[in-house]
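Those protein sequence lines, which keep their order, are chains A and B. Note that our numbering has the first sequence beginning at 1, numbered continuously upward. Note that our numbering has the second sequence beginning at 254, numbered continuously upward.
The set of hints was computed from the structure by calculation and includes no laboratory data. Keep in mind that this is a model prediction, so the values were computed, not measured. Where hints are given, some of them may not hold.
[What the hints assert, rightly or not] Cross-link-like lysine-lysine pairs, in silico, DSBU-like; alpha carbons within 30 angstroms at most:
#, chain 1, residue 1, chain 2, residue 2
1, B, Lys390, B, Lys379
2, B, Lys566, A, Lys189
3, A, Lys194, B, Lys378
4, B, Lys432, A, Lys185
5, B, Lys393, B, Lys587
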Amino acid sequence: MKKFLAMLLMLLLFVSPALADQSRVIDESDVLTADQEAALEKAIALIGEQYQFDILLLTKDSIDGKVPRYYAADYYDYNGYGYGDSHDGTMLLLVTGGGEGNRDYTIVNTGKGEKVMSDSAMYEIEDDILPYLRMSNYSTAMARFVTGVEARLADYTPARRTAKVAPILILIGVAVGAIVALVLKGQMKTVRRKVGASSYIRDGSFHLSRVQDIYLYTSTTRRKIETQSSGGHGGGGFTGSSGTHHTSHSGKF
Amino acid sequence: MQQAAHYKCPCCGAALTFGSQSQQLDCASCGNSFPLDTIEQLESAQVQNTTDEQLQWQYAGGGGYTQEEAVHLRSYRCQACGAEIVTDETVAATECVYCGNPSVMPGVLSGAYRPDAVIPFRKSKKEAQDALRNHCKGKKLLPKGFMDENRIEKVSGVYVPFWLFEAEAEADCTYNATKVSSHREGNYMVTRTAHFLLRRGGHLGFKAVPVDGSSKMDDTLMESIEPYDSDKAEQFSTAFLSGYQAQRYDVEAADCQPRANERIRASVSATMAATVAGYATAVPVNTQIQLQHGQVRQVLMPVWMLNTRWQDKTYTFAMNAQTGQFIGDLPVDKGKFWKWLLGLAVLIGGGGTALAYLLFNMGVL
Numbered sequence: 001m002k003k004f005l006a007m008l009l010m011l012l013l014f015v016s017p018a019l020a021d022q023s024r025v026i027d028e029s030d031v032l033t034a035d036q037e038a039a040l041e042k043a044i045a046l047i048g049e050q051y052q053f054d055i056l057l058l059t060k061d062s063i064d065g066k067v068p069r070y071y072a073a074d075y076y077d078y079n080g081y082g083y084g085d086s087h088d089g090t091m092l093l094l095v096t097g098g099g100e101g102n103r104d105y106t107i108v109n110t111g112k113g114e115k116v117m118s119d120s121a122m123y124e125i126e127d128d129i130l131p132y133l134r135m136s137n138y139s140t141a142m143a144r145f146v147t148g149v150e151a152r153l154a155d156y157t158p159a160r161r162t163a164k165v166a167p168i169l170i171l172i173g174v175a176v177g178a179i180v181a182l183v184l185k186g187q188m189k190t191v192r193r194k195v196g197a198s199s200y201i202r203d204g205s206f207h208l209s210r211v212q213d214i215y216l217y218t219s220t221t222r223r224k225i226e227t228q229s230s231g232g233h234g235g236g237g238f239t240g241s242s243g244t245h246h247t248s249h250s251g252k253f
Numbered sequence: 254m255q256q257a258a259h260y261k262c263p264c265c266g267a268a269l270t271f272g273s274q275s276q277q278l279d280c281a282s283c284g285n286s287f288p289l290d291t292i293e294q295l296e297s298a299q300v301q302n303t304t305d306e307q308l309q310w311q312y313a314g315g316g317g318y319t320q321e322e323a324v325h326l327r328s329y330r331c332q333a334c335g336a337e338i339v340t341d342e343t344v345a346a347t348e349c350v351y352c353g354n355p356s357v358m359p360g361v362l363s364g365a366y367r368p369d370a371v372i373p374f375r376k377s378k379k380e381a382q383d384a385l386r387n388h389c390k391g392k393k394l395l396p397k398g399f400m401d402e403n404r405i406e407k408v409s410g411v412y413v414p415f416w417l418f419e420a421e422a423e424a425d426c427t428y429n430a431t432k433v434s435s436h437r438e439g440n441y442m443v444t445r446t447a448h449f450l451l452r453r454g455g456h457l458g459f460k461a462v463p464v465d466g467s468s469k470m471d472d473t474l475m476e477s478i479e480p481y482d483s484d485k486a487e488q489f490s491t492a493f494l495s496g497y498q499a500q501r502y503d504v505e506a507a508d509c510q511p512r513a514n515e516r517i518r519a520s521v522s523a524t525m526a527a528t529v530a531g532y533a534t535a536v537p538v539n540t541q542i543q544l545q546h547g548q549v550r551q552v553l554m555p556v557w558m559l560n561t562r563w564q565d566k567t568y569t570f571a572m573n574a575q576t577g578q579f580i581g582d583l584p585v586d587k588g589k590f591w592k593w594l595l596g597l598a599v600l601i602g603g604g605g606t607a608l609a610y611l612l613f614n615m616g617v618l
């Protein structure tokens, strides 16, 4: 019942052209020219075809004080974006502030997008697009976002992913092989000098006559804890009101 | 020439040998077994007639032995066949090379050389041979054919002379120790290291730390088959030697002492260090160990020595004939070593990679 009400509310909220033709570039702040919008749509369509992966770009003047990642996730979920049962895809929400308000960005990933857009991948993309966002060069920022996601998708093919883990697996194999072979070799050698004479300690002969623990002094060292200098912060995983799981990174620009 | 002692069966006259199972002198010929003291009493009654024979050193002057060599040689007459047995001066018991009769050399273990005790053989020759087979079993890197092709060249039961060192150790040790704790203060990680000086004093008693007293036996080999339980040692009697080989010591107790001290010190240090608990680090700065009431005993320990030959190399194995502890280095097949190493590398590395590709492809990972 609760879920149904929320869905109804969302449908009312998002009555927009996006629903009709399922645009992937929804420029409500009107920061893109028609050509730029068309170019981005084309790029996203090609990626969608090749990788079965959705990219949604959304600009808003304001989201009325809502939490950007929840707003973005609900927009994605209730408008039915994403490929397949797991709704694979990612989105970039830019709250442009309409000249005076908060300027927020948030990346929200769904389904396979959560794996493709790892924490480090999101940090790299953020570092790449933030300078353009700060200059209000939205078209370049969005174009670079799309290129960035495409590069991560290209890296996420089974062959590329296997190539990444193969050296580690081979190294583990060599290490395990060496340990086992050396243990087996060790079994061949049984002639060894004895280190002590513990077998010949007379039973019950051991007693301590002096136990003294003298405290001397304390030395103290301080080490500065390095904190992440990036402006964005990882939101970790969360579940939107529709019940779909997402990951996100958000920040201000 | 001196007569080699030879324990004869009072029933049939055949040679008697000390049995590891019966712990008596057994006659292989008529099947009788005799307690040690019975035979000894019998022997001493008979020996009284012949003790007038004095120790005679047989110099084979001009015959071939140099004067120097001859000093270390003894010759005896086998009581069974009358042949001459030439041995070196440390051999206390052996077999006649001509008739195989067990012979115990008189006088070799007399005077200062008389052992205080003897640990009798508990494990038989067959058990020693079986132990070699078990020793080779399950060794993955053993060259193919070592088990089947190798020939046991010689199995000999040897009484090896050991010095047993008994001592009381007083230890006084100091350690530099630290305790470490860390906590967060704002943007800083604060680590506090508390320094302590620890002192531990204590007493530890050692009974019967053995050191090989024969220069012919490899010291490392002899240490590897330890420990021996010297509480089970018997009063020495030459009758125990019948059927085995025996040697008298040729390394003085004083020369063996450093090794005993070294081992006692290592054990005392380890025992004291084990009493230091609850510290992040503890480094010994000063370890003083005083050894007192040192006592030395001379004991013969039973060892089965096995020599096998494989691909023109001799492999030596030893068995503690009291406990059955069996040791001896085995050859490593280098090809098998690399097969294991690379085989596992390919199996884990290659198999893992293939599995990863499969799972990535199926979208499971």
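Taking only the CA atoms, is the gap from lysine 566/B to lysine 189/A under or equal to 30 angstroms?
-> Given that 30 angstroms is the threshold and the Cα spacing comes to 16 angstroms, the pair holds.
Straight-line alpha-carbon gap lysine 194/A to lysine 378/B, limit 30 angstroms | It holds: about 26 angstroms lies between the C-alpha atoms, which stays within 30 angstroms.
CA of lysine 393/B to CA of lysine 587/B, is that 30 angstroms or under?
-> Roughly 11 angstroms between the alpha carbons, so the hint for lysine 393/B and lysine 587/B holds.
Taking only the CA atoms, is the gap from lysine 432/B to lysine 185/A under or equal to 30 angstroms?
-> violated (39 angstroms)
Decide if the proposed pair is consistent with the structure: lysine 390/B and lysine 379/B, CA atoms, cutoff 30 angstroms inclusive.
-> Distance ~17 angstroms between lysine 390/B and lysine 379/B Cα, so the pair holds.
Going down the numbered hints, you'll see the structure goes against just number 4.
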